[in-house]
Amino acid sequence: MSLLQREREIILRNEYVDRFDFEEVESFIRGASKNLFISHKFKTSDKMLVQPRGGFPTYEKVFGLYREFKEAGVDVLPLTIDSNTRLNDYATAKKMLSLSEENDVDMLNGYPLINHGYRTTRKMMTHYDTPVSLRHGTPDARLLIETALASGIFEIEGGPITYLLPYSKNFPMDKAFLYWKYVERVCAKYSELNEPINRESFGPLSATLQPPAIVLVIQILEMLLSLEEGVKSFSVSFSQSGSMTQDIVSSNVIKKLARKYADRFGHTDATINLVYHQWMGAFPYNKEYSDSLINTSTVIAAMVGANKIITKTRNEAFGIPTKEANAMAVANVQYTLGMLRGLPKVSDEEEEENLSNEVDEILEAVFNEGSDTLWRQVFNAIKKGYIDIPFSPHIINANEVITIRDPQSNIRILKKGKLPISDKSFAFEQSKIKLGEGERVVDKIIQDIGIML
Amino acid sequence: MKVVTGVVGNDIHVVANRLIDISLEERGFEVFNLGVNTYLEEFMDAVIETDADVLLISSLNGEAEGWCRDLKILKSQYDFRDVTFMIGGNLGVGEMDPEALVPKFQGYGFDLVFHQIDLNEGLDQLEAYLEARK
Numbered sequence: 003m004s005l006l007q008r009e010r011e012i013i014l015r016n017e018y019v020d021r022f023d024f025e026e027v028e029s030f031i032r033g034a035s036k037n038l039f040i041s042h043k044f045k046t047s048d049k050m051l052v053q054p055r056g057g058f059p060t061y062e063k064v065f066g067l068y069r070e071f072k073e074a075g076v077d078v079l080p081l082t083i084d085s086n087t088r089l090n091d092y093a094t095a096k097k098m099l100s101l102s103e104e105n106d107v108d109m110l111n112g113y114p115l116i117n118h119g120y121r122t123t124r125k126m127m128t129h130y131d132t133p134v135s136l137r138h139g140t141p142d143a144r145l146l147i148e149t150a151l152a153s154g155i156f157e158i159e160g161g162p163i164t165y166l167l168p169y170s171k172n173f174p175m176d177k178a179f180l181y182w183k184y185v186e187r188v189c190a191k192y193s194e195l196n197e198p199i200n201r202e203s204f205g206p207l208s209a210t211l212q213p214p215a216i217v218l219v220i221q222i223l224e225m226l227l228s229l230e231e232g233v234k235s236f237s238v239s240f241s242q243s244g245s246m247t248q249d250i251v252s253s254n255v256i257k258k259l260a261r262k263y264a265d266r267f268g269h270t271d272a273t274i275n276l277v278y279h280q281w282m283g284a285f286p287y288n289k290e291y292s293d294s295l296i297n298t299s300t301v302i303a304a305m306v307g308a309n310k311i312i313t314k315t316r317n318e319a320f321g322i323p324t325k326e327a328n329a330m331a332v333a334n335v336q337y338t339l340g341m342l343r344g345l346p347k348v349s350d351e352e353e354e355e356n357l358s359n360e361v362d363e364i365l366e367a368v369f370n371e372g373s374d375t376l377w378r379q380v381f382n383a384i385k386k387g388y389i390d391i392p393f394s395p396h397i398i399n400a401n402e403v404i405t406i407r408d409p410q411s412n413i414r415i416l417k418k419g420k421l422p423i424s425d426k427s428f429a430f431e432q433s434k435i436k437l438g439e440g441e442r443v444v445d446k447i448i449q450d451i452g453i454m455l
Numbered sequence: 003m004k005v006v007t008g009v010v011g012n013d014i015h016v017v018a019n020r021l022i023d024i025s026l027e028e029r030g031f032e033v034f035n036l037g038v039n040t041y042l043e044e045f046m047d048a049v050i051e052t053d054a055d056v057l058l059i060s061s062l063n064g065e066a067e068g069w070c071r072d073l074k075i076l077k078s079q080y081d082f083r084d085v086t087f088m089i090g091g092n093l094g095v096g097e098m099d100p101e102a103l104v105p106k107f108q109g110y111g112f113d114l115v116f117h118q119i120d121l122n123e124g125l126d127q128l129e130a131y132l133e134a135r136k
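Same order as they appear, the protein sequences are chains A and B.
Residue numbering for the first sequence follows my numbering, starting at 3 and increasing by one per position.
Residue numbering for the second sequence follows my numbering, starting at 3 and increasing by one per position.
Bear in mind the hints are in silico, worked out from the structure with no lab data behind them.
The beta-carbon is built from N, C-alpha and C at its ideal position, and this holds for glycine as well.
Straight-line Cα separation of at most 27 Å, DSS-like style, residue types lysine-lysine; simulated pairs:
#: 1; chain 1: A; residue 1: LYS325; chain 2: A; residue 2: LYS72
#: 2; chain 1: B; residue 1: LYS4; chain 2: A; residue 2: LYS417
#: 3; chain 1: B; residue 1: LYS4; chain 2: A; residue 2: LYS386
#: 4; chain 1: A; residue 1: LYS420; chain 2: B; residue 2: LYS4
#: 5; chain 1: B; residue 1: LYS4; chain 2: A; residue 2: LYS446
#: 6; chain 1: A; residue 1: LYS177; chain 2: A; residue 2: LYS191
#: 7; chain 1: B; residue 1: LYS4; chain 2: A; residue 2: LYS385
#: 8; chain 1: A; residue 1: LYS97; chain 2: A; residue 2: LYS325
#: 9; chain 1: B; residue 1: LYS4; chain 2: A; residue 2: LYS171
#: 10; chain 1: A; residue 1: LYS96; chain 2: A; residue 2: LYS63
#: 11; chain 1: A; residue 1: LYS289; chain 2: A; residue 2: LYS72
#: 12; chain 1: A; residue 1: LYS436; chain 2: A; residue 2: LYS426
For the chain A half of the interface with chain B, some residues (derived, Cβ under 10 Å), not all of them:
#: 13; residue: ASN172
#: 14; residue: ILE404
#: 15; residue: VAL443
#: 16; residue: ASP445
#: 17; residue: ILE448
The task is simple: from the sequences and hints, build the whole structure.
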């Protein structure tokens, strides 16, 4: 028996798992409907796929949510997992699920997939026969991903960097890399049976003044770590930055560089998709303004040429949206997309050159780090501050990079910390920044974070 | 001047924490930032280890009260006479009388208490307080 299989049997021999039948799961995936695979949908559809966010504690409520989404014309369904399950606390999730079922009140902020189990969950997935994307935020997602795949959920979001640095203060990062290696291997293994399982990275990071260079570097590294284990379909992503120019520049550069680095590492057969997240920062309390923000964001997604868009709702500022508000957002985005076919190609050569240079410079420093494996190089690069995410709560993050917006709302690097970008690249960033006489950086940052309020 | 700062309790409001860090540095302080989700004991250890002049605790989700009640006991275990204790943020849980909050936290052993006060104003007052203490 392979080492991986032995590890899988240990992971799945869990008191919260009702006997995991490997053979049955394999034959289910081998014979599963193509419609469940987003990788198949990417291949066969020429429109941008629309996917909302959402998840409730009980089976019935998720079933109802999906019905609402389907009526609104959804392309990809979401399954958001509750925060106890994300922290591997299945006992609390179980208790809260019982309370939610008995009292008809939501005691969890998502679907406790482990407690429902794959036999139950699969019924819902095969009923709707639509691709489902797993949204979680789990550093140790081994059991969760086994259960998701066995349920017919064939897109897995996350990664060792993007699901750790924005979410946790002190979960050990080396462990996260190894746990995600397991996830990639299981996805790769199942990808051989039918259409490929799609992996997606989480580009929004901490969603607060993230410089495009760092977002792109992390997207490319998580992609390489995944393809290295045999994954064949991968989505890189980023979120609306607050500058239309910067979004289009990021898109043009990531499409070019993701392919370049995938090929350079020998993954010429891998498919790479692009996902665009509507604004992930603080939303206005005014619902009409929220509608306007969502519409503008849809237009930018079309300009960007994303393969999938992940939507927000007009209720964003007020908490978890109702299923009706969530479905309405899907219908509106589809409506707007209908007007946006055949757009002109826009580019800004100077900006694209600068961003490409920055990404190349940081990646070269990572690849020149002395370790013997890619994950160790990435791990050490983060420890050394070569990769530094503004507003990450994690203790390993250097927290030295400071970013602010220029007069056109582009996010610029004010302090570069230990980012290994060249003097030329840094000078370009600095040349765009305009700080008023006596203006405090911190006041500018507060203003720049709240740009959509 | 050395400042130890961080967010007390199970509170992951990282943006405010970073802004405090940046502001303190802009004002010339040497900052030791313990980040979010920090226990009171960890703050006290850091003050001793770094020989800090100021401990600035922030709190946004209303957890401060539960976590700061033991400050007096912890303060009595070591000589903290030269250290200024400051707390700021959103200190109450739900509907609370803001008038009552300041004396309550002063009673816990804080020299400076700022409930829903602008960051710059709070730090201006800290600087004035340190100047007067000299």
